[in-house]
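Undergrad: Sequence:
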Amino acid sequence: YSLNEDKLLCQIYVDISQDPITDICQSYDQFWVRIEQSYNNLKEESRIYRNKKSLQCRIALIEKAIRKLSGCIRQIENLHPSGASDIDIINQAKMLLIQEPTYKKGFKFDHIWNLMKDFEKFKDIDIEKKKFEAKALLCNHRSHYTSSKRPIGVKKSKLKRSKDEGLSLAMKLFEIENNRLGKMLSESTTSKQ
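The working numbering numbers the first residue of the sequence shown as 4 and each following residue consecutively.
There are no misleading hints in this set.
Derived lysine-lysine pairs resembling DSS-like cross-links, with alpha carbons at most 30 Å apart:
hint: 1; residue 1: 10; residue 2: 120
hint: 2; residue 1: 120; residue 2: 108
hint: 3; residue 1: 108; residue 2: 71
hint: 4; residue 1: 97; residue 2: 10
hint: 5; residue 1: 111; residue 2: 71
hint: 6; residue 1: 67; residue 2: 97
hint: 7; residue 1: 67; residue 2: 46
hint: 8; residue 1: 71; residue 2: 56
hint: 9; residue 1: 107; residue 2: 120
hint: 10; residue 1: 71; residue 2: 10
hint: 11; residue 1: 55; residue 2: 10
hint: 12; residue 1: 97; residue 2: 111
hint: 13; residue 1: 111; residue 2: 67
hint: 14; residue 1: 46; residue 2: 56
hint: 15; residue 1: 56; residue 2: 10
hint: 16; residue 1: 108; residue 2: 55
hint: 17; residue 1: 46; residue 2: 108
hint: 18; residue 1: 67; residue 2: 10
It should be emphasised that the hints constitute simulated quantities derived from the structure, not laboratory data.
The structure presented is a predicted model; accordingly, all values stated were derived computationally and were not measured.
Required output: the full structure, derived from the provided sequences and hints.
TA: In structure tokens form, the structure reads like this:
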């Protein structure tokens with residue numbers, strides 16, 4: 004793939020992925036058919052036809068590299084380097100990426116980084132989840148919320164009920180047997196007299 008082919012493919016991929024009208028109503032196969040058609044209609048005529056499988060493999064390769072660099076950037080940001088600009092952080096992340104055996108030649112997708120880095124698919128869900136949890140914890144702390152004891156689960160509830168029923172049945176059998184023995188005892192004492 005050439006640089007222009009990568010740019011075109013990524014632009015189409017992002018556009019179709021974020022299409023609010025057809026995004027929720029299309030299957031995985033329909034999604035890739037749309038990408039294949041759009042890509043081959045918009046590519047330069049001198050370029051070869053790319054089938055769906057080829058486009059999927061290329062996007063998978065790009066996604067893997069983007070995720071890896073994003074992870075390296077998060078690692079560098081977590082070190083909180085003082086006075087480091089965004090460019091410094093990206094350069095340090097690329098140096099970290101080179102240490103990976105599969106990325107010894109470096110990051111090959113600088114030409115599409117700006118297009119793909121903010122794509123929803125690559126945003127760190129854990130960071131968003133932690134922000135949400137921290138906000139919820141703060142809200143709970145402010146309202147002096149006290150949590151009640153967690154209710155027992157369905158399995159434990161059924162087990163407790165079956166134990167209670169078994170115990171109840173055993174008590175009834177014990178009572179019946181006790182009454183029968185009492186009756187037999189009273190009959191034997193009356194017959195002896």
